[in-house]
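Fit chain B to the known structure of chain A by using the hints.
Here's the letter readout for the chains.
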Amino acid sequence: MNGLKYIFAGVVFGIVMVKSEAVSWFRIQEMFLFESFHMYGIIGSAVAVAGVSVWLIKRFKWKDASGMIMKPIERPLMLPANIIGGLIFGLGWALTGACPGPMFVNLGAGYSVMIPIIASATLGAFAYGILKKKLPH
Amino acid sequence: MMFIGSAFGVSNNLENICCMLGAEKVSDHFKFDLKERLPNMLFIAGTLIGGAIAVFLLSDGSLTVEISENTKAHISSLGIPYSEGLLPLTLFNWNALGSISGLLLMVGGGFMVGFGARYAGGCTSGHSISGISNLQASSIISTIFFFIGGLIATHFIYPLIFQP
Numbered sequence: 656m657n658g659l660k661y662i663f664a665g666v667v668f669g670i671v672m673v674k675s676e677a678v679s680w681f682r683i684q685e686m687f688l689f690e691s692f693h694m695y696g697i698i699g700s701a702v703a704v705a706g707v708s709v710w711l712i713k714r715f716k717w718k719d720a721s722g723m724i725m726k727p728i729e730r731p732l733m734l735p736a737n738i739i740g741g742l743i744f745g746l747g748w749a750l751t752g753a754c755p756g757p758m759f760v761n762l763g764a765g766y767s768v769m770i771p772i773i774a775s776a777t778l779g780a781f782a783y784g785i786l787k788k789k790l791p792h
Numbered sequence: 599m600m601f602i603g604s605a606f607g608v609s610n611n612l613e614n615i616c617c618m619l620g621a622e623k624v625s626d627h628f629k630f631d632l633k634e635r636l637p638n639m640l641f642i643a644g645t646l647i648g649g650a651i652a653v654f655l656l657s658d659g660s661l662t663v664e665i666s667e668n669t670k671a672h673i674s675s676l677g678i679p680y681s682e683g684l685l686p687l688t689l690f691n692w693n694a695l696g697s698i699s700g701l702l703l704m705v706g707g708g709f710m711v712g713f714g715a716r717y718a719g720g721c722t723s724g725h726s727i728s729g730i731s732n733l734q735a736s737s738i739i740s741t742i743f744f745f746i747g748g749l750i751a752t753h754f755i756y757p758l759i760f761q762p
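First to last, the protein sequences are chains A and B.
Numbers 656 to 792, taken from this note's numbering, label the letters of the first sequence in order.
Numbers 599 to 762, taken from this note's numbering, label the letters of the second sequence in order.
A few of these clues could be false.
As the list claims (entries may be wrong) - Listed next, the in silico DSS-like pairs over lysine-lysine satisfying Cα-Cα at most 25 angstroms (straight line):
{"#": "1", "chain 1": "A", "residue 1": "787", "chain 2": "B", "residue 2": "623"}
{"#": "2", "chain 1": "B", "residue 1": "670", "chain 2": "A", "residue 2": "660"}
{"#": "3", "chain 1": "A", "residue 1": "718", "chain 2": "B", "residue 2": "633"}
{"#": "4", "chain 1": "A", "residue 1": "660", "chain 2": "A", "residue 2": "674"}
{"#": "5", "chain 1": "A", "residue 1": "788", "chain 2": "B", "residue 2": "623"}
{"#": "6", "chain 1": "A", "residue 1": "716", "chain 2": "A", "residue 2": "726"}
{"#": "7", "chain 1": "B", "residue 1": "633", "chain 2": "A", "residue 2": "789"}
{"#": "8", "chain 1": "A", "residue 1": "660", "chain 2": "A", "residue 2": "713"}
{"#": "9", "chain 1": "B", "residue 1": "629", "chain 2": "A", "residue 2": "787"}
{"#": "10", "chain 1": "A", "residue 1": "787", "chain 2": "B", "residue 2": "633"}
{"#": "11", "chain 1": "B", "residue 1": "623", "chain 2": "A", "residue 2": "674"}
As the list claims (entries may be wrong) - With beta-carbon atoms standing in for the labels, derived distance ranges:
{"#": "12", "chain 1": "A", "residue 1": "659", "chain 2": "B", "residue 2": "657", "range": "40 to 48 angstroms"}
{"#": "13", "chain 1": "B", "residue 1": "626", "chain 2": "A", "residue 2": "767", "range": "31 to 39 angstroms"}
{"#": "14", "chain 1": "A", "residue 1": "792", "chain 2": "B", "residue 2": "629", "range": "14 to 22 angstroms"}
{"#": "15", "chain 1": "B", "residue 1": "634", "chain 2": "A", "residue 2": "713", "range": "41 to 49 angstroms"}
{"#": "16", "chain 1": "B", "residue 1": "619", "chain 2": "A", "residue 2": "707", "range": "33 to 41 angstroms"}
{"#": "17", "chain 1": "A", "residue 1": "715", "chain 2": "B", "residue 2": "631", "range": "27 to 35 angstroms"}
{"#": "18", "chain 1": "B", "residue 1": "760", "chain 2": "A", "residue 2": "724", "range": "48 to 56 angstroms"}
{"#": "19", "chain 1": "B", "residue 1": "623", "chain 2": "A", "residue 2": "710", "range": "13 to 21 angstroms"}
Unchecked claim - Quick partial rundown of chain A residues pointing at chain B, CB under 7 angstroms, derived from the structure:
{"#": "20", "residue": "681"}
{"#": "21", "residue": "695"}
{"#": "22", "residue": "735"}
{"#": "23", "residue": "738"}
{"#": "24", "residue": "748"}
{"#": "25", "residue": "775"}
For the record, the hints were derived by calculation from the structure and aren't laboratory data.
In this text, a Cβ means the ideal position worked out from N, Cα and C, and glycines have one as well.
Chain B with its partners taken away, still in its complex shape:
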């Protein structure tokens, strides 16, 4: 996206949705010109199409992710069955929203992604790829802490939620 004259980043689209829903009425943070952010919004629309093409046209609709045997053993020790598809549907489905673990993962996790990305000033695309490639201190530090957060969640919070 830097090639085509705009700052690349996905997470500011979350602010764009807020802006479209009228969030500027409650906070000046959402007062901006959506037109300037059009490239990022079109990009996100494209990713939806790309995801659909990859799964429904470029493969037979089912994907199996061949992760390492140790990872399979680890997740099954937590009671999470390894399955085909890009993600474990036993954890991520609409019915699971009614369970505490489902709420923590989907609503809690989703909230933290949105809040954290905007607080840190970017997400994996903006900081970890665009920012680090430009050797920016803020991006290097943010990425280190993205990773620390991920390690804490994987090694401590998952085992806590899904007690083996």
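Isolated chain A (complex conformation):
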């Protein structure tokens, strides 16, 4: 039963992503062509909502379901990884028109062609796991 809230959060995310069209290849093209405010509005509001949440969590030391004080995960600065990995991710994002979340949402929305895309992304994550020690971080 404890897991239901995570599934529910995913369901809401999926619906919002489709209804806001953020999972659309067309919208991603438009965003990178700077032809519409649409995607910037969505990303901007998501960051704003998350920003206020993070501030509230820190300010009032909110506790999670198990009674632990919540703390946003710290992602350490690793310049080469953030830059090179970021560039590679960005290229793939525009080529597929989807980042990892929307890939799964689109699959749920009936686009079975997401299966080879998700499989390729999984292979990419696997390749990173293998090559990790040889890459600059």
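Chain B alone, transformed into the frame defined by chain A:
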């Protein structure tokens, strides 16, 4: 997800799939306790259901994305027809996997999404939304480079693949 006591991020689910398929045998990178990552996996399962509900229950099964006229003109100049639906099915379909452009977009693009996200330490959800909202330098820099990568692909690689 931060509200419910776990680090939100979608792309680590790709590692979870690797782990389930036994990748720990080839790299220690995949040695972790899947139980700790259960929230993110349940979340991803939920997004599948959410996507289905949005398309099949909350609309009549077809969606039309009203992008700007200039974007429509741009993609049709590349020979990509604007169509209804969330994505252009002429580019993204199973048969297209047999063409060079289809392989580049779906297999090449997909691979880069997975590789790049794990290398950069997160994707749009983990870095661009969770990380930036917490004002983390690594997330701000990663997001800037996500964008640079996307701009390069849109303005240079697409025209190269689909020569107008």
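Structure-based check of each hint:
1. A:787 <-> B:623: With Cα atoms ~15 angstroms apart, residue 787 (chain A) and residue 623 (chain B) stay inside 25 angstroms; holds.
2. B:670 <-> A:660: Given pair residue 670 (chain B), residue 660 (chain A) is violated - Cα atoms ~39 angstroms apart, limit 25 angstroms.
3. A:718 <-> B:633: Between residue 718 (chain A) and residue 633 (chain B) the Cα gap is close to 21 angstroms, so the pair holds against 25 angstroms.
4. A:660 <-> A:674: It holds: about 21 angstroms lies between the C-alpha atoms, which stays within 25 angstroms.
5. A:788 <-> B:623: Given pair residue 788 (chain A), residue 623 (chain B) holds - Cα atoms ~16 angstroms apart, limit 25 angstroms.
6. A:716 <-> A:726: Measuring from Cα to Cα gives roughly 8 angstroms; hence the hint holds.
7. B:633 <-> A:789: This hinted pair is violated, its Cα atoms lying about 29 angstroms apart.
8. A:660 <-> A:713: holds (22 angstroms)
9. B:629 <-> A:787: holds (14 angstroms)
10. A:787 <-> B:633: holds (23 angstroms)
11. B:623 <-> A:674: violated (41 angstroms)
12. A:659 <-> B:657: 40 to 48 angstroms: violated (25 angstroms)
13. B:626 <-> A:767: 31 to 39 angstroms: holds (34 angstroms)
14. A:792 <-> B:629: 14 to 22 angstroms: holds (18 angstroms)
15. B:634 <-> A:713: 41 to 49 angstroms: With a Cβ separation near 23 angstroms, residue 634 (chain B) and residue 713 (chain A) fall outside 41 to 49 angstroms, so the hint is violated.
16. B:619 <-> A:707: 33 to 41 angstroms: Distance hint for residue 619 (chain B), residue 707 (chain A) holds at roughly 39 angstroms.
17. A:715 <-> B:631: 27 to 35 angstroms: holds (30 angstroms)
18. B:760 <-> A:724: 48 to 56 angstroms: holds (52 angstroms)
19. B:623 <-> A:710: 13 to 21 angstroms: violated (43 angstroms)
20. 681: OK, holds: residue 681 (chain A) within 7 angstroms of chain B, min 5 angstroms.
21. 695: violated (11 angstroms)
22. 735: Constraint on residue 735 (chain A) not satisfied, violated at 9 angstroms.
23. 738: holds (5 angstroms)
24. 748: Interface hint status for residue 748 (chain A): holds (5 angstroms vs cutoff 7 angstroms).
25. 775: Holds - the Cβ of residue 775 (chain A) comes within 7 angstroms of chain B, reaching about 3 angstroms at its closest.
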